[in-house]
Amino acid sequence: MLELLALHYNYLAVVVLMMTGLYVVIANGNLVKKVIGLNIFQTSVFILYISFGKRLGGTAPILSPDFELYSNPLPHVLILTAIVVGVATTALALALVIRIHRGYGTLEEDEIERIEAEEQGGAG
Amino acid sequence: MVRLRNLFAVVMLFGIYSLLSAALFVALDAVDVAFTEAAVGAGISTILMLATLALTNARERSVTRRRALALAICTVTGLVLVSAMVDLPVFGALEAPAHAHVVPRYLLDSYREIGVPNVVTSVLASYRGYDTLGEVTVIFTAGLGVLCVLGAGREPPADDREDG
Amino acid sequence: MEHHLVLRVAAKLLIPPILLFALYVQFHGDFGPGGGFQAGVIFGAGCILYGVVFGVDNLQRVVPAGVVRVLSAAGVLLYAGVGVWSLLSGGNYLDYGVLAADRVHGQHLGIMLVELGVGTTVSAVMIGLFYGFTSLRP
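As they're listed, the protein sequences go chains Z, U and E.
Start counting the first sequence at 1; every next residue gets the next number (the numbering used here).
Start counting the second sequence at 1001; every next residue gets the next number (the numbering used here).
Start counting the third sequence at 2001; every next residue gets the next number (the numbering used here).
Since the hints were made in silico from the structure, they are not lab data.
Any given hint could be a false lead.
[Stated by the list, open to error] Negatives, chain E to chain U, calculated, CB over 10 Å: (1) 2010; (2) 2013; (3) 2016.
[Unchecked claim] Some, not all, of what chain U presents toward chain Z, calculated at C-beta under 10 Å: (4) 1016; (5) 1017; (6) 1021; (7) 1029; (8) 1067; (9) 1086; (10) 1089; (11) 1093; (12) 1106; (13) 1113; (14) 1116; (15) 1117; (16) 1141; (17) 1146; (18) 1151.
Glycine included, each C-beta is placed from N, C-alpha and C at the ideal position.
Kindly generate the complete structure, drawing on both the sequences and the hints.
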């Protein structure tokens, strides 16, 4: 079992990072921290893909007569675009966070829920 | 980072984390990805998060609740993932399934077909051109979405009248 | 940030190489690591650094917000337009081989134009995001 884990240590790191991100998203009430937790989760997926593409002894996939063995370029392409899309969607999330702060005056999930409940109680 | 209350420190640590993951990508031969992660993670997303903190409050107020529940969920999910990962190919394997199918063609024939030494560029722009067009459209749409949500399309905020 | 002398001098020294490096990454991306996405974020980060240190108003004088909005759409249109051009030249959508007499030559041309479109959109959207976030008052 230990030997198996040692051969798959990259996935172990990915799982730890992924669960850290998930923990932050679940346990923290602050919306900015939730966005950061989602970003950590996202980075763990990036590392998962890139480590799939690594070949031991290989080099970066830029063709040259001096090298024979290259790492897999396909995950690089997918993750390259995913990172830039990720920052654009993170910005959208942060913009929504700012609007929520303008509307409720707070970024804490439980306080927002309380204000919502009070408004509904007042209306109904 | 999980327990810090000062969100400014959290954002700074996140920037450092992004820079470290860029270094990790270099070690894993993904130089193009490392470029992007260094510029995006340590540069742009840190700036955007700092701007968000400046526009809101930079301290977290509430205590973390549901800690036991979150820990239980993460432990169980983590164990399931670990039990699944032992079936995945060994790290750095030369003959993993991910290196089969189209990848040998990209590595062996792309120089003859495209004439570009950087395989990442030829796959990104030519073999997977549709995919990239979609990604660029997503980025454009997300940018539009931010401008709409923040109402930044309207010219100077001299008057606070709402036009819509 | 007027009183941060060290920061201002360091930024003044750094910004031109950053922008130049972005252009190098953009147009040398076929031969070394690089391409439109990387160049776009590096160019955007250079402009944002200028905006952070010297003020958003100064950056707006260099890159007006209207220009940013037009450029972010122009990049996508350039990309899609290359596809339409290859359709009109008798090939499939985004098949660059038909853009020139020789297939490899056409691929080169197509990739360069497409990467230019990607770089334009990405850098313009990054600067536009910065404008969006800084246009609000706390």
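Cross-check of the supplied hints:
1. 2010: Answer for residue 2010(E): holds, closest chain U Cβ roughly 15 Å.
2. 2013: 17 Å, holds
3. 2016: It holds; residue 2016(E) is separated from chain U by about 17 Å at its closest Cβ, greater than 10 Å.
4. 1016: 13 Å, violated
5. 1017: 7 Å, holds
6. 1021: This hint holds: residue 1021(U) lies near chain Z, its Cβ roughly 6 Å from the closest one there, short of 10 Å.
7. 1029: Cβ of residue 1029(U) sits 4 Å from chain Z, so the hint holds.
8. 1067: Hint on residue 1067(U): holds, closest Cβ of chain Z at ~5 Å, below 10 Å.
9. 1086: 5 Å, holds
10. 1089: 8 Å, holds
11. 1093: Holds: closest Cβ of chain Z sits about 7 Å from residue 1093(U), inside 10 Å.
12. 1106: 6 Å, holds
13. 1113: Hint on residue 1113(U): violated, closest Cβ of chain Z at ~12 Å, above 10 Å.
14. 1116: Result: holds, 9 Å to nearest chain Z Cβ.
15. 1117: With a closest approach of 4 Å, the residue 1117(U) hint holds.
16. 1141: With Cβ-Cβ at 8 Å, under 10 Å, it holds.
17. 1146: Because about 5 Å separates residue 1146(U) from the closest Cβ in chain Z, which is inside the 10 Å limit, the hint holds.
18. 1151: 9 Å, holds
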